[in-house]
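**Student:** The listed protein sequences derive, respectively, from chains A and B.
Its first residue numbered 0, the first sequence is counted upward by one per residue in numbering that gives the first Met the number 0.
Its first residue numbered 0, the second sequence is counted upward by one per residue in numbering that gives the first Met the number 0.
It is worth saying that the hints were derived from the structure and are not from the lab.
Everything numeric in this text was worked out from a predicted model, so none of it was measured.
Treat the hints with caution; some may be incorrect.
[Claimed, not checked] Simulated crosslink set (DMTMM-like; lysine to aspartate or glutamate; CA at most 25 Å straight-line):
#1 B:Lys232 / A:Glu436
#2 A:Lys78 / B:Asp334
#3 B:Lys333 / A:Asp84
#4 A:Lys128 / B:Asp334
#5 B:Lys340 / A:Asp267
#6 A:Lys96 / B:Asp368
#7 B:Lys333 / A:Asp133
#8 B:Lys340 / A:Asp84
#9 B:Lys333 / A:Glu132
#10 A:Lys78 / B:Asp337
#11 B:Lys372 / A:Glu280
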Amino acid sequence: MQWETVIGLEIHAQLATKSKIFSGASTAYGAEPNTQACAVDLGLPGTLPVLNEQAVRFAVKFGLAIGAHIAPYSVFARKNYFYPDLPKGYQTSQFDKPIVGLGQLDIDVDGETKTIGVTRAHLEEDAGKSLHEDYHGMTGIDLNRAGTPLLEIVSEPDMRSAAEAVAYVKKLHTLVQYLDICDGNMQEGSFRCDVNVSVRPVGQEEFGTRAEIKNLNSFRFIEKAVAHEVERQIDVIESGGKVVQETRLYDANKDETRSMRSKEEANDYRYFPCPDLLPVEITSELLDEMRDSLPELPATKKQRFQQQYGLNEYDSEVLTTQRAMADYYEDSVNFSDGEAKLVANWVMGELSAGLNQNNVEIVNSPVSAERLGGLVKRIADKTISGKIAKQVLELMWNSNDFADAIIEREGLKQISDTGELEKMIDQLMAENTAQVEQYRAGKTKMMGFFVGQLMKQTQGKANPQELNKLLQSKLKE
Amino acid sequence: MYNKSLKELSASLRNKDVSSAELSQYFLDRIKYFDGELNSVITSNEEAALLAAQQADKLIASGDSGLLTGIPLLHKDIFCTQGLRTSCGSKMLDNFIAPYTATAVSKLEQAGAVMLGKTNMDEFAMGSSNETSFYGGVKNPWNLDTVPGGSSGGSAAAVAARLAPIASGTDTGGSIRQPAAFCGVTGIKPTYGRVSRYGMIAFASSLDQGGAMAKSAEDAAIMLQAMSGFDEKDSTSVDRPVDDLLANLGDSIKGLTVGLPKEFFTDDLDDDIREKIEEAVDTIKLAGANIKEISLPNINLSVPAYYVVAPAECSANLSRFDGVRFGHRCESPKDLEDLYKRSRGEGFGDEVKRRVMIGAYVLSAGYYDAYYKKAQQVRRLIQQDFVEAFKEVDVIASATAPSVAFTSGEKKGDPVSMYLSDIFTIGVNLAGLPGMSVPCGFVDNKPVGMQLIGNYFEEARLLNVAHQYQQLTDWHLAVPAGYEQEV
Chain A
0 MQWETVIGLE IHAQLATKSK IFSGASTAYG AEPNTQACAV DLGLPGTLPV
50 LNEQAVRFAV KFGLAIGAHI APYSVFARKN YFYPDLPKGY QTSQFDKPIV
100 GLGQLDIDVD GETKTIGVTR AHLEEDAGKS LHEDYHGMTG IDLNRAGTPL
150 LEIVSEPDMR SAAEAVAYVK KLHTLVQYLD ICDGNMQEGS FRCDVNVSVR
200 PVGQEEFGTR AEIKNLNSFR FIEKAVAHEV ERQIDVIESG GKVVQETRLY
250 DANKDETRSM RSKEEANDYR YFPCPDLLPV EITSELLDEM RDSLPELPAT
300 KKQRFQQQYG LNEYDSEVLT TQRAMADYYE DSVNFSDGEA KLVANWVMGE
350 LSAGLNQNNV EIVNSPVSAE RLGGLVKRIA DKTISGKIAK QVLELMWNSN
400 DFADAIIERE GLKQISDTGE LEKMIDQLMA ENTAQVEQYR AGKTKMMGFF
450 VGQLMKQTQG KANPQELNKL LQSKLKE
Chain B
0 MYNKSLKELS ASLRNKDVSS AELSQYFLDR IKYFDGELNS VITSNEEAAL
50 LAAQQADKLI ASGDSGLLTG IPLLHKDIFC TQGLRTSCGS KMLDNFIAPY
100 TATAVSKLEQ AGAVMLGKTN MDEFAMGSSN ETSFYGGVKN PWNLDTVPGG
150 SSGGSAAAVA ARLAPIASGT DTGGSIRQPA AFCGVTGIKP TYGRVSRYGM
200 IAFASSLDQG GAMAKSAEDA AIMLQAMSGF DEKDSTSVDR PVDDLLANLG
250 DSIKGLTVGL PKEFFTDDLD DDIREKIEEA VDTIKLAGAN IKEISLPNIN
300 LSVPAYYVVA PAECSANLSR FDGVRFGHRC ESPKDLEDLY KRSRGEGFGD
350 EVKRRVMIGA YVLSAGYYDA YYKKAQQVRR LIQQDFVEAF KEVDVIASAT
400 APSVAFTSGE KKGDPVSMYL SDIFTIGVNL AGLPGMSVPC GFVDNKPVGM
450 QLIGNYFEEA RLLNVAHQYQ QLTDWHLAVP AGYEQEV
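Taking the hints into account, I'd like the entire structure generated from these sequences.
**Tutor:** Structure follows, in structure tokens:
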């Protein structure tokens with residue numbers, strides 16, 4: 000039988016607010032346990048939540064970016080369950096009245112564009128963390144993360160393969176960073192994924208029973224977990240069994256998913272509107288303000304890069320995946336006086352390689368866009384060759400000097416003066432008459448010898464095109 | 000001294016007839032002398048109080064003082080007080096010392112009031128007799144065999160016995176007004192959102208409201224004035240200026256229309272009490288007010304609606320008491336579930352458990368629509384009834400409670416009968432309106448309270464009517480036998 004995979008995703012994006020969603024405590028990552036949890040975060044009796052307006056603005060921004068309906072009136076609800084790292088015994092979330100309604104996102108897989116529906120996105124608080132190591136058999140609780148604002152983004156079950164799921168997650172990952180609402184750091188848990196997977200016979204309209212795989216924190220794990228889960232479900236069905244609705248965990252070490260809890264054990268969360276918080280009202284003024292604040296979105300930027308800079312699709316995709324990279328690129332192009340294609344090569348090539356090697360983000364690039372642009376300008380006007388430019392870039396990496404200063408100081412300027420080159424060629428030919436004879440006798444390979452000698456003499460600064468042209472004509476005489 | 004009004008006490012302080020330190024010591028001595036029997040104060044703040052009183056005396060000496068500077072008071076033990084235990088009447092919080100102070104308490108502190116201690120209350124404010132307190136019941140100073148009402152029974156009994164000039168209370172379904180009625184004191188619960196709930200341990204968040212308990216409407220006005228106001232730490236507090244509650248106390252109530260809801264004068268009401276209320280209404284009429292019968296057609300649904308909404312909210316509000324971070328934790332739990340079950344099982348009393356279970360039930364899948372949602376719909380109907388009524392009348396009057404203080408233990412085993420003692424007060428909380436109770440006579444030597452209900456944010460008008468009534472009567476000045484003596 001032919002099987003079709005159906006995938007829906009829930010993504011938790013940690014909003015990049017300075018303070019928590021209902022308290023003034025800091026959201027910075029990595030502090031000593033429980034140093035960033037105030038009385039509200041601890042759920043001490045008598046404390047009350049006060050909504051962080053920045054979180055609301057971020058949610059609205061996201062909604063606008065996916066063309067979603069923004070609810071003029073949304074409501075926080077309490078999701079009740081007991082867990083030691085959930086201080087109040089309920090999570091303040093949104094239930095039947097989320098802030099962001101139906102929207103959509105386009106993904107590209109194998110050259111095809113597909114539209115994925117986003118069912119909703121709602122605001123909620125994160126829980127703390129339970130620490131099971133190093134506490135002499137007891138469990139430690141760190142509430143630094145408790146109350147960190149999350150935007151939970153729920154997709155429609157529109158994806159049909161692991162590749163589509165990954166493409167969707169990548170698109171969202173790019174988008175939230177573009178919007179500056181989430182740092183996208185998957186290792187630190189700022190961007191987490193739950194994947195709902197089911198299979199059904201091709202042609203069947205009804206969905207199969209789904210399993211939810213929780214907390215996938217890398218694109219690769221999503222791909223592998225989905226692939227594994229699809230295989231498992233098909234195996235179960237084909238061997239006469241039934242898929243049960245349950246929550247599963249992906250074990251990256253063993254590359255398998257295993258059952259965490261089944262639906263029968265699932266909690267009844269007893270949602271009800273939170274009486275401590277007023278409904279969130281979104282005014283048309285706020286909507287307008289947020290709309291005006293939207294940056295150019297990745298898809299638009301990619302198209303513009305193709306048109307404005309004449310880049311191919313691949314290059315414009317790579318350059319626009321990160322907003323910081325796109326900004327760097329455009330700045331560099333400006334400083335290079337419009338060498339769009341050449342700058343693209345250098346940003347995607349030498350610069351990215353250097354950044355990757357040193358594990359540095361482009362925003363912290365040791366070579367600024369201005370300096371890279373200046374370097375490319377000198378390649379374009381033939382002051383230096385591409386090969387010399389690599390040396391210059393290396394020198395720039397460890398200093399604050401501009402390309403021009405380095406070229407000047409190191410005397411790296413290309414020799415294009417035909418008179419000077421001719422003099423050097425004449426001298427070389429006079430000193431190597433035997434090789435000249437050999438060349439003239441038809442051993443054209445000797446050309447390499449002359450080029451090599453001259454480059455050595457000029458320390459690579461001879462303009463290669465000029466040099467070739469002159470050598471050829473002289474040797475033929 | 001003990002029967003002096005706040006204005007008189009304040010004048011004595013300013014004239015240096017007495018210092019705040021002396022005044023505080025005077026009431027602390029009364030507490031020591033009388034409260035062994037009453038059990039109205041469960042935590043004394045003596046040392047800190049005397050220091051605060053000395054500070055107040057300095058302020059008074061410098062001429063920089065207000066009406067409350069140096070005035071001793073008591074706080075219901077539901078208000079968090081930094082450094083001083085806040086138990087909420089529960090074993091669960093017997094060891095709890097909050098690292099912050101409730102906004103209402105801070106405001107009174109800033110006004111110069113001196114906290115003598117914390118008053119007993121029904122556990123987590125759940126009760127109408129003060130019998131659910133972990134610290135034992137409070138006795139009603141008018142008759143030691145009877146209850147003081149609840150849940151602010153400690154504050155009511157303390158003010159009645161003149162152990163403090165004023166005390167704070169909270170009112171979720173009548174918890175200021177009913178004990179005020181039972182103890183013969185004046186109590187006001189303002190409009191929902193007028194007094195900040197920050198630092199006030201939540202029972203039912205959409206109904207809870209702090210307020211003032213005092214000997215007279217004038218004293219209650221002075222206290223409420225200081226407690227009220229917007230607080231950015233409470234999203235449900237209302238950002239609107241506080242009226243001057245004292246400015247219009249002396250105004251005539253001539254021409255004012257007072258509504259009597261016919262649903263509040265049925266057989267549920269004891270005949271003796273009805274008589275007292277009718278007398279009080281006649282007095283108000285004599286003062287020039289018009290009396291008009293009105294109807295609140297859905298008000299009879301308020302008790303059932305309340306006993307869905309309030310437990311639902313409390314079931315979530317009390318989830319934080321899990322033995323993990325603060326409060327009671329059971330001895331050597333064997334696993335997480337054991338920790339939860341025993342910590343909560345041991346820490347909470349029966350009434351709290353009953354309400355947490357009711358609340359969890361009405362919110363559970365399959366029952367939400369039939370109970371919680373329906374109750375919220377009923378709540379809107381009740382609110383609408385009041386809105387309609389206030390198109391015709393300025394103030395609504397009724398009995399505060401259907402009976403006078405009942406005997407201790409009488410209703411303890413019968414929760415529904417206990418719940419019905421709040422039958423006249425609960426609708427006011429569901430609608431979020433201001434309400435108060437004013438002493439209006441005695442039945443069998445037990446105080447009777449008249450409830451006055453005002454329109455939203457019309458505390459000033461309520462207090463005006465109450466004050467005018469108290470100009471014509473002296474029920475509020477009566478002191479229970481035995482407590483008139485100086486100690």
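**Student:** Let me make sure I understand: some of the numbered hints might not hold for this structure. Which ones are they, in numerical order?
**Tutor:** 1
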